[in-house]
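Residues per chain are reported as follows:
6 protein chains.
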Amino acid sequence: MTVLDPLPAHLVDDLVRRTLAEDLGLAGDLSTDAAIPADRWGVADLVARQAGTIAGLDVALAVFAAVDARTSATAEVADGDRVDVGTIVARVQGPTRALLTGERGALNLLGHASGIATATHEVVDAVAGTGARIVDTRKTTPGLRALEKHAVRCGGGHNHRFGLFDAVMLKDNHLVAAGGIRAAVAAVRERIGHTVHVEVEVDHLEQVPEALQAGADSILLDNLDDDALRAAVEVVAGRAITEASGGITPARARAVAATGVDVISLGWLTHSAPRLDVALDLRARR
Amino acid sequence: MTVLDPLPAHLVDDLVRRTLAEDLGLAGDLSTDAAIPADRWGVADLVARQAGTIAGLDVALAVFAAVDARTSATAEVADGDRVDVGTIVARVQGPTRALLTGERGALNLLGHASGIATATHEVVDAVAGTGARIVDTRKTTPGLRALEKHAVRCGGGHNHRFGLFDAVMLKDNHLVAAGGIRAAVAAVRERIGHTVHVEVEVDHLEQVPEALQAGADSILLDNLDDDALRAAVEVVAGRAITEASGGITPARARAVAATGVDVISLGWLTHSAPRLDVALDLRARR
Amino acid sequence: MTVLDPLPAHLVDDLVRRTLAEDLGLAGDLSTDAAIPADRWGVADLVARQAGTIAGLDVALAVFAAVDARTSATAEVADGDRVDVGTIVARVQGPTRALLTGERGALNLLGHASGIATATHEVVDAVAGTGARIVDTRKTTPGLRALEKHAVRCGGGHNHRFGLFDAVMLKDNHLVAAGGIRAAVAAVRERIGHTVHVEVEVDHLEQVPEALQAGADSILLDNLDDDALRAAVEVVAGRAITEASGGITPARARAVAATGVDVISLGWLTHSAPRLDVALDLRARR
Amino acid sequence: MTVLDPLPAHLVDDLVRRTLAEDLGLAGDLSTDAAIPADRWGVADLVARQAGTIAGLDVALAVFAAVDARTSATAEVADGDRVDVGTIVARVQGPTRALLTGERGALNLLGHASGIATATHEVVDAVAGTGARIVDTRKTTPGLRALEKHAVRCGGGHNHRFGLFDAVMLKDNHLVAAGGIRAAVAAVRERIGHTVHVEVEVDHLEQVPEALQAGADSILLDNLDDDALRAAVEVVAGRAITEASGGITPARARAVAATGVDVISLGWLTHSAPRLDVALDLRARR
Amino acid sequence: MTVLDPLPAHLVDDLVRRTLAEDLGLAGDLSTDAAIPADRWGVADLVARQAGTIAGLDVALAVFAAVDARTSATAEVADGDRVDVGTIVARVQGPTRALLTGERGALNLLGHASGIATATHEVVDAVAGTGARIVDTRKTTPGLRALEKHAVRCGGGHNHRFGLFDAVMLKDNHLVAAGGIRAAVAAVRERIGHTVHVEVEVDHLEQVPEALQAGADSILLDNLDDDALRAAVEVVAGRAITEASGGITPARARAVAATGVDVISLGWLTHSAPRLDVALDLRARR
Amino acid sequence: MTVLDPLPAHLVDDLVRRTLAEDLGLAGDLSTDAAIPADRWGVADLVARQAGTIAGLDVALAVFAAVDARTSATAEVADGDRVDVGTIVARVQGPTRALLTGERGALNLLGHASGIATATHEVVDAVAGTGARIVDTRKTTPGLRALEKHAVRCGGGHNHRFGLFDAVMLKDNHLVAAGGIRAAVAAVRERIGHTVHVEVEVDHLEQVPEALQAGADSILLDNLDDDALRAAVEVVAGRAITEASGGITPARARAVAATGVDVISLGWLTHSAPRLDVALDLRARR
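Chains as they are written, first to last, in my numbering: chain D, 72 to 357; chain S, 72 to 357; chain X, 72 to 357; chain L, 72 to 357; chain H, 72 to 357; chain E, 72 to 357.
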């Protein structure tokens with residue numbers, strides 16, 4: 072059972088609270104409160120209905136505790152683990168009302184994060200042995216960036232910058248406005264902290280030497296074909312990190328990785344991965 | 072230009088604030104603040120890179136105003152409109168810094184919502200002429216339910232209940248715990264308000280008459296094949312709303328609609344629709 | 072001891088937090104912190120000073136735990152129970168400071184909710200045997216709608232819609248703007264979800280047939296006298312739910328109920344019911 | 072037109088936001104969005120349906136602006152003004168949708184605050200000429216203390232302390248725990264700031280001299296009859312502020328005031344005053 | 072071990088949450104999560120590196136519990152206690168990750184508050200025996216007023232008013248606008264509650280009699296030299312509280328106190344006191 | 072007039088709101104509301120009472136607009152500018168009440184941030200010409216990190232990492248737990264994103280080669296004397312960034328800079344810099 076770095080506790084609280092507030096509103100769970108006696112106790116399994124990679128289990132299980140502090144949950148797998156159809160992911164017990172009321176919120180969190188982890192894992196598998204890292208982008212679902220980037224890590228991927236605040240990425244508009252790559256990098260270095268990484272985005276192979284000379288820490292090779300990528304890697308020769316980006320599908324990832332780039336970024340992982348189907352099976356008890 | 076009901080203003084504010092807080096953190100946009108002069112002014116177009124249906128335009132444009140109150144935006148299409156590759160969706164002008172700083176947040180909101188609207192529209196198109204409504208579920212992305220349900224409406228779909236609080240859905244667990252369909256519906260009716268709709272979920276055709284007699288307002292026919300759906304519709308004969316559900320893919324929707332059901336619900340619309348690709352093209356000005 | 076559906080936990084947290092923030096400010100309880108030693112322990116009873124119906128006990132007791140996690144509370148009655156003068160409603164023990172600091176906040180919540188439950192109960196009693204339901208309105212105290220609607224349920228009443236979001240009510244202004252009852256109902260049905268209830272408000276008996284034909288789920292009979300109400304009930308003949316509304320005092324409720332209407336709504340329950348007097352009696356211990 | 076001190080802007084924002092969030096939820100105003108065209112413009116009057124004293128007008132009008140920034144409002148009276156049946160309190164214009172969507176929230180705030188102001192005014196009138204002040208207590212509705220205390224000022228009353236944080240009130244439990252009045256006041260004086268007022272609550276006339284000697288700034292005479300109040304006033308002889316409290320009804324206020332006490336406090340003003348009926352009359356325009 | 076009045080629990084929660092949110096962001100503690108195994112357990116001491124007075128210990132220790140609920144902490148001293156170089160202030164045990172992740176946030180809170188307590192204590196010591204109180208001002212660090220005023224109490228000082236809301240201070244601008252001291256005090260007394268203290272600020276000895284006649288509860292003697300202060304104290308002769316203010320350094324406090332003023336206020340305590348150096352020493356265990 | 076990167080708008084809003092909420096509470100500015108007529112209009116200057124460097128001017132001026140939207144402000148200098156005693160920093164006009172009510176909150180923000188900028192500037196001046204950067208630490212005041220780091224930039228300093236989330240700093244405890252510098256760096260590199268900077272803290276000169284070989288991006292030389300710093304710089308020879316840290320006073324900074332280190336970090340800048348004295352001078356107008 073892998074142990075990954077968890078989400079900070081204040082983010083878990085926020086996610087759980089928003090999830091429940093949205094689903095319960097002012098009136099709560101009308102169906103369950105009316106149909107299920109308050110003193111009924113139950114056990115429920117979270118069961119995978121598809122094979123995939125789990126992510127977000129802690130935050131999903133925290134939903135039940137937030138509905139009713141008398142529930143308790145046991146994780147049977149951990150974030151980052153692979154599951155098959157039928158794998159029991161976790162077991163939750165407590166008042167039956169709480170199990171049913173928390174079900175959808177918990178599954179929405181778990182299914183969304185696990186869908187991203189599963190998609191990531193497939194791409195990571197596809198490039199296995201090449202040395203290329205699969206990384207995410209800032210193309211995340213608003214309000215869920217921390218969870219989604221955690222899910223990428225669960226799938227074996229790595230994180231690109233978390234936002235505009237923790238690394239510099241100079242794109243075409245920045246470069247033009249600043250008067251070219253060298254001027255842009257120089258202006259940025261003058262102002263930012265010494266721990267901030269500077270990446271320069273290039274569209275053409277010819278820009279690579281200039282980015283190198285400007286002192287970029289990494290170079291984003293945007294929408295280059297495989298030959299150009301290979302050439303860029305040669306030019307760079309380890310003096311900067313090379314990142315391939317731009318419409319890279321899971322199917323194409325292997326070929327891109329074979330060009331020798333260090334990093335492959337895919338927005339698709341976080342903006343379009345389908346969820347993983349996980350269900351809650353209630354087993355009545357008392 | 073269609074005019075749909077907008078998101079309530081307090082939800083727009085919340086979405087925009089969360090989106091920006093997540094992307095800007097404590098340090099803001101390091102790249103843009105360093106590379107772009109503060110007095111540079113610009114105009115940018117939001118341009119569709121894929122054909123689809125737009126949703127979430129208001130909230131996306133509100134991102135720029137939240138970055139800098141001196142920006143102004145003009146929508147060229149409206150939520151619910153179809154766009155082609157290359158359609159200009161909106162034009163934003165203001166300080167170039169604000170255009171670049173707000174870009175990703177705005178596009179993440181717009182692309183996510185429009186992806187759902189586009190997916191919904193395809194299914195709505197597929198069932199055109201049948202009289203069946205395409206509706207969403209509670210399988211939404213945590214924190215985004217209002218936006219996602221709005222996107223479904225933009226795509227020509229309709230909304231199922233928004234949460235546990237605004238309609239009753241009696242599923243297997245409720246029915247068993249309450250002692251059967253009639254007892255469950257009776258218990259619920261006794262407690263809930265007179266404006267609350269009661270839907271009963273059935274797995275077998277044989278349960279339909281009992282649900283009818285119990286007085287269900289609608290009957291969810293879960294995972295029935297087309298023959299069973301057709302039979303259920305006949306049995307119900309307009310005395311309740313019939314809803315088909317359970318793993319209905321866009322491809323299968325037409326056939327399901329042809330069975331005569333009133334409503335078809337698809338979790339896929341909100342939990343797995345890929346985003347619509349919209350980009351920001353900056354045109355320098357001053 | 073009745074067990075009613077509780078308030079969702081996140082609402083309880085919010086109410087308690089707001090209540091305490093307002094009463095403690097930045098400096099806390101100056102009197103108690105200065106006059107009562109920190110290690111003094113005590114037991115306190117919440118005692119009814121008036122006969123009535125209890126509501127909001129859970130949220131009231133949660134105040135003490137929020138002041139100091141070392142307090143514990145035992146409810147002696149439950150929400151919905153009738154109490155007499157002198158009935159012990161609950162017992163709380165813990166640091167004496169916490170009992171005194173939490174006292175007013177807890178009693179304000181309990182007294183306010185129980186006042187509404189008590190008022191509701193009196194009206195419910197008045198119509199006993201008629202089959203008419205007593206329901207609330209949206210005329211609630213800002214910020215307290217969930218608690219107040221819970222209190223109405225505790226008093227034996229039922230809830231009308233919780234807000235603008237969970238049912239449609241077409242009033243005069245809507246009907247005129249939309250071009251009459253039929254057009255209005257049709258426009259609304261076209262757009263809203265299939266689980267949304269549609270009520271039409273009418274001021275005159277003559278409008279009832281049109282509302283029926285338009286397919287209203289319920290008809291609000293606004294400010295009709297008893298004869299008109301009786302006539303309306305006959306016209307409707309069970310094809311829609313009939314609701315009497317408009318300045319109905321508790322004293323008049325019985326007569327209104329005798330007209331045969333299904334539902335009687337009273338804004339007075341939530342906007343003008345006086346609080347129920349409950350006090351805290353501290354019994355020193357250590 | 073009186074100009075009273077307004078509520079701080081951040082409190083107005085909070086009240087408006089909570090009011091609207093509660094009423095609009097995730098789906099907004101289903102009825103209005105479906106029945107009223109988005110481009111319809113209107114004018115509405117807020118009209119008093121009962122005679123009384125206005126309070127909370129600013130916060131009520133802010134509701135419409137929060138629904139739609141294109142609305143504008145003109146107050147025709149001000150907080151603290153008396154109105155008769157039919158008095159136009161304010162006029163609001165803007166999109167008809169916004170007028171209807173904001174109506175109930177605005178009226179709930181206005182009616183609640185004005186109800187308190189009206190009740191206060193009646194008691195203030197009853198004691199006119201006696202020199203006694205009518206003041207509120209901490210028996211307020213949770214979440215609304217600032218608005219309710221503002222309403223008391225609008226009615227011509229004055230505020231007692233706002234919470235546990237801004238003045239000391241030593242009640243029986245404090246006095247016993249601290250070892251008597253003198254010890255309690257001494258302990259408190261030693262710790263609190265020099266700007267903090269110290270009030271001592273006494274149940275018997277005999278305790279008054281001790282409270283005076285202890286140096287109380289004011290003495291709360293709890294549940295004393297009129298003779299005892301008169302005697303207490305004589306004993307105090309202006310050396311402390313005298314406050315009568317404990318179940319004082321509006322009807323009894325005049326007699327209490329005649330005893331010569333400086334201050335009469337009534338919990339009833341804020342916990343049980345019925346709302347003032349104000350309605351919105353929409354006048355279509357465009 | 073002194074027991075001071077603690078910060079209200081909701082303020083502790085807020086401070087801890089803001090502190091951690093700011094330090095952990097979306098990604099958490101990258102260093103610790105990568106370098107320290109999740110199952111490593113440890114014990115850490117908070118150790119004073121400077122002599123001083125402790126304040127804020129409760130809130131500092133609450134940081135660790137908020138990072139991971141499995142940590143536990145034991146305070147070895149209490150707020151208000153004096154410590155020497157090397158004094159162990161508290162001991163915390165739990166997952167090593169939590170100890171390291173919470174370290175900086177806890178120390179920032181503790182060091183800031185203890186710095187203020189230490190500075191206060193020095194000034195309090197300097198005036199020992201004179202009867203003068205050392206008090207704070209509203210010149211606090213935004214967001215930290217409650218903690219900073221608590222720290223002043225921990226250092227043996229007292230609190231002036233907490234904000235604009237809990238006492239009146241009439242400064243030059245108020246006095247001029249209102250038409251002089253008497254008019255200003257009269258206008259204020261007419262409106263404010265009977266528990267609100269009124270202080271008048273004077274710049275010249277000649278204003279003191281007018282302030283006294285106006286009925287000021289206290290008189291702030293702003294920037295008077297020691298002779299003038301002494302003269303003012305004589306004039307006042309105990310009929311109001313005298314407060315010296317205006318650029319009073321710790322070095323000058325003794326001389327000011329010797330003039331006989333009741334209260335000496337120093338903005339410096341909260342706006343410029345250097346922090347107290349406290350460190351965390353980790354002792355590995357498992 | 073320098074133009075620095077501003078604080079993100081959502082942080083400005085938060086700071087302003089917290090500042091005002093803390094100062095105004097529920098009752099607002101009792102003194103000003105009672106003494107100053109509502110229709111009085113005024114102009115006020117923010118004037119430096121000490122020479123120094125300005126920071127936080129935008130957020131300070133935003134306070135007045137938050138008190139009353141009718142105020143307007145004109146900055147006469149910009150963040151980062153030097154001011155002398157008497158320099159007018161900004162001019163604000165609007166209702167006199169708003170100027171007085173916002174005064175203290177605005178000055179607390181401005182004085183705190185400018186104090187840090189001033190302190191930073193002095194140290195930056197001291198090392199002028201050496202090529203060493205002056206940077207801050209995470210020893211900031213809780214809740215104010217973004218403002219304080221902005222203030223350091225205004226003073227000519229640079230920012231170290233903003234939190235635990237945006238760069239790795241491996242300290243003694245991490246190194247020991249991970250099994251030495253090489254193992255620790257390797258473990259971290261394996262998990263973190265490729266844009267994350269890795270700094271290693273060393274206490275002894277002998278550790279420098281190991282840190283270099285481990286591939287640290289920068290090396291924090293903790294508490295080394297000047298000779299050791301000079302030797303470390305020679306050993307590193309530009310292969311990593313060198314940072315001197317540990318009790319470096321402004322007085323010692325020049326000597327440290329002369330050793331050739333790239334970066335000098337001082338916790339003192341943010342945890343102990345005294346505020347800059349700025350005052351508000353009101354000039355009555357109408």
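The hints are simulated quantities; they were obtained by calculation from the structure and are not laboratory data. Worth double-checking, as some hints may not be accurate.
With beta-carbon atoms standing in for the labels, derived distance ranges [to be verified]: (1) Arg253(E) / Gly309(D): 47 to 53 Å; (2) Arg354(H) / Ile159(D): 36 to 42 Å; (3) Ser143(D) / Ser143(L): 32 to 38 Å; (4) Gly157(S) / Ser143(D): 52 to 58 Å; (5) Ala140(D) / Gly251(X): 33 to 39 Å.
Quick look at which bits of chain D chain E covers, simulated, 3 or more residues with Cβ under 8 Å [as the list claims (entries may be wrong)]: (6) 116 to 129; (7) 231 to 238.
So the derived list for chain H, only partly shown, Cβ under 7 Å to chain E, looks like this [said to hold, decoys possible]: (8) Glu93; (9) Ala109; (10) Ala140; (11) Ser143; (12) Thr212; (13) Ala258; (14) Arg262; (15) His275; (16) Pro345.
Each residue gets a CB set at the ideal place from its N, CA and C atoms; glycine is no exception.
Against the structure, the hints:
| no. | hint | in the structure |
| --- | --- | --- |
| 1 | Arg253(E) / Gly309(D): 47 to 53 Å | violated, 20 Å |
| 2 | Arg354(H) / Ile159(D): 36 to 42 Å | holds, 40 Å |
| 3 | Ser143(D) / Ser143(L): 32 to 38 Å | violated, 55 Å |
| 4 | Gly157(S) / Ser143(D): 52 to 58 Å | holds, 55 Å |
| 5 | Ala140(D) / Gly251(X): 33 to 39 Å | violated, 53 Å |
| 6 | 116 to 129 | violated (count 0) |
| 7 | 231 to 238 | holds (count 6) |
| 8 | Glu93 | holds, 5 Å |
| 9 | Ala109 | violated, 11 Å |
| 10 | Ala140 | violated, 19 Å |
| 11 | Ser143 | violated, 19 Å |
| 12 | Thr212 | holds, 6 Å |
| 13 | Ala258 | holds, 6 Å |
| 14 | Arg262 | holds, 5 Å |
| 15 | His275 | violated, 19 Å |
| 16 | Pro345 | holds, 4 Å |
Checked against the numbered hints given earlier, this structure breaks hints 1, 3, 5, 6, 9, 10, 11, 15; the rest are met.
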